[in-house]
Amino acid sequence: MSHAPARRRTAAVVALALLVVVLALASLGIGPVRLSPLEVATALFGAGDEITQIIVRDIRLPRTVLALAVGGILGMSGAALQGLLRNPLASPSLFGAPQAAALGAVLVIVAGAADVRSWLLPAAAIAMAFVSVFALLAVAGRNAGLLILILAGLAISSLAGALTALAMNLSSNPFASLEVAFWLLGSLEDRSVRHVALALPFIAAGAMVLMSRRSAFRVLTLGEEAAESLGVDVGRLRLLVIMGVALGVGGAVAVTGTIAFIGLVAPHLMRPLVGHDPGRLLGPSALAGAALLTASDIAVRLIPSATNIKVGVLTAIIGVPFFLYLIVRERRALGGGVA
Amino acid sequence: MSAAFVEAVSLAVRLASRQVLRDVTFTLPRGQFVALVGPNGAGKTTLLRALNGLIASDGTVRIDGTPLASLDVRERARRFAYLPQGHLVHWPLPARDIVALGRYPHGAVDPARLPEKDAAAVSRAMAAADVVAFADRPVTELSGGERGRVALARVLAVEAPVILADEPTAALDPRYQIDVMTVLRRVADDGALVVVVTHDLGLAARFADHVLVLDGGRLVAQGPPGVALSDAILADVFRVRAYRAEHGGARVIVPWSELP
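If you read the sequences in order, they're chains A and B.
Each residue of the first sequence is one higher than the one before, counting from 1 in this note's numbering.
Each residue of the second sequence is one higher than the one before, counting from 1 in this note's numbering.
If we strip away everything but chain B, and leave its shape as in the complex, we get:
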């Protein structure tokens, strides 16, 4: 593995007297597509939030050698782009203005008066996520799949070195799921570190370089998909057996039957 870019050391989170994460330690380099998997309640979302400081944690997170604790909210926002679940938008703003919010951490606060470099970043993000066609339509009128892509474009517009995406493919049809993962894969290939929470082990196996497996708040396995999603771990953590194959040089894992 190349040089560490994001490091978590003995990360632990307590929420309302429940230990949600304990002793999570890993290092991740630039340019990697990382899938974060685990059963419901394993602490995946909590780990994402602890990584960019949305919730307080014990232990240390470092980005590019700098402790997260020494960065203010805006500096964190420029380093970690975060896509929460649900792709919530409260007011019917045009899609372009939503994408432009990705430039807020860079000081471009008014979508109608974006400095040139911010406008360029917004255009790139809209092209990458394929939302140019409905840029002027209110997001609240878009379909779920279109809204998901606008949310993705907003995250890409930050042009952060780290992207944290919480179930970006949930509630999307198969075509959009592949679209979103392909876009994120491309961003990783361009040098960003992409961490994606997903329940879809098939997408994880196909797109990820590296898989983190959480169970009960602990990191129980990590490594390339072939290692981290082994039969033993799938049985242990998910209590399933998987069908395995290869297709066009890529790994195929399909959870197939339950274990007692």
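The shape of chain A in the complex, shown without the other chains:
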């Protein structure tokens, strides 16, 4: 039997987990005060210099935890959607949930109801992520095919984008619009333990829902009809995946703004590692997403610039060419025909 690939898989996942730990320690050490990994580890365990402890635990830890959790859920959501849709081009933004979540937050900011650190903002973002998913299911119908889901998701994300633009357009407060524009770019700066406390339960719940269905993605490789004949309730699976993605991504977007392309890139990097098995892709994709976002967040702090580069901007700059490369590759796989 094929034990050798299984062992290689385990070794790769362990190596990836170690990379995530190293990146997390580096992230905790980088800032106006540079700290060595040893100083960081000491401070984490509540020993050493008191100021160092405050820097590491109160200022940098929330940012690092959010980078890990948000990157992780984005990677896992991408893997789940790609498994559900059996399409390597799927990503969370496909269903419009992040855009809708962003709209919820933007409405709160423009209405002047809250600043970017208020509880109201994440609550509105999560609520809108839910609304978008329910709207998607209502438009697509109970037993909709994947094409209809994709089109409905496209319509909903476009609508959310248009309404976001409208909200900014109509805002009488130019400072609010500026705030929104920056928030939309996606950032992990100045996040507090309050942000972590609000986002984490939703991210964890979403991850649990998605992980519980992972073996169904393997059966779906045979197509929906065969999967159904093998005992997968495809309608229910679709609902659960969308719920899991809405929970996780809604919670994430609420505190970071929109961070794109992690959900597309992470599953792709991991797919060869797990033998292209969609049932094994979720965990490694979460690790890869966590590593990618943490590394990006380190990079924006290291790149010399007059103002801070937002991490969402960096992931988009790296992600879009990758996306184009995937489209070209998939087009070749489909026979190289011109669309």
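Everything hinted at is true.
Derived contacts from chain A toward chain B, CB cut-off under 8 Å, selection only:
(1) Ser215
(2) Val219
(3) Thr221
(4) Leu222
(5) Glu228
(6) Leu230
(7) Asp233
(8) Asp277
Treat the hints as calculated values from the structure; they're not laboratory data.
Note that the Cβ used here is the ideal one computed from N, Cα and C, for glycine as well.
Got chain A sorted already, so can you dock chain B onto it with the hints?
Below, chain B alone, put in the same frame as chain A:
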């Protein structure tokens, strides 16, 4: 005919305001090889899907006396193994893992950690469908004929009492067509009920014990090949005349000329 194993009573299916099946009634025993034939659009695939509950239908389906409606998806999946057309596989998984998906209805969800009895079922199915030689190769790299056999092995691995196969020989070369039918014939001889949709009346006449003829959503004939594929029915349903012969004790039917 021996005791009914799968019964359909007044089965009817409406799809998008079109009556695709109407008033289909039959009983089939264990251990039979049944060919389901009919012109394009007669409702053959719809009937297969209605039998295992993939689509909603009016009327009743019973398996071994139990109404289909009282079984949940997993219980249905253990009773009816279904081979759809096309043998689609989306990701390049090794053939062995695809075959192992046949154990999903039995709760063996991880191909890398199959319980012993599930691993044994997978090995038996791979041997029966002759796919052991390329068990570790990604299915997407296999030829059409090899992929068809992997799909067949996946269906056999369920070890269900009923196998529903939708055109399992389509797009296969003659050698593989005979291979697939021979494997399914053997499964029927071992006690399963095998229902095969096919356009090949010759294969139906040679391998089947019983033939169901659908036309325009109605069951217009059923019986042994000699009865259900009579000249009158071939003329009526398919509008063809057939060449008939016997070879090595088996019936040979070859559609030969069209009727006006």
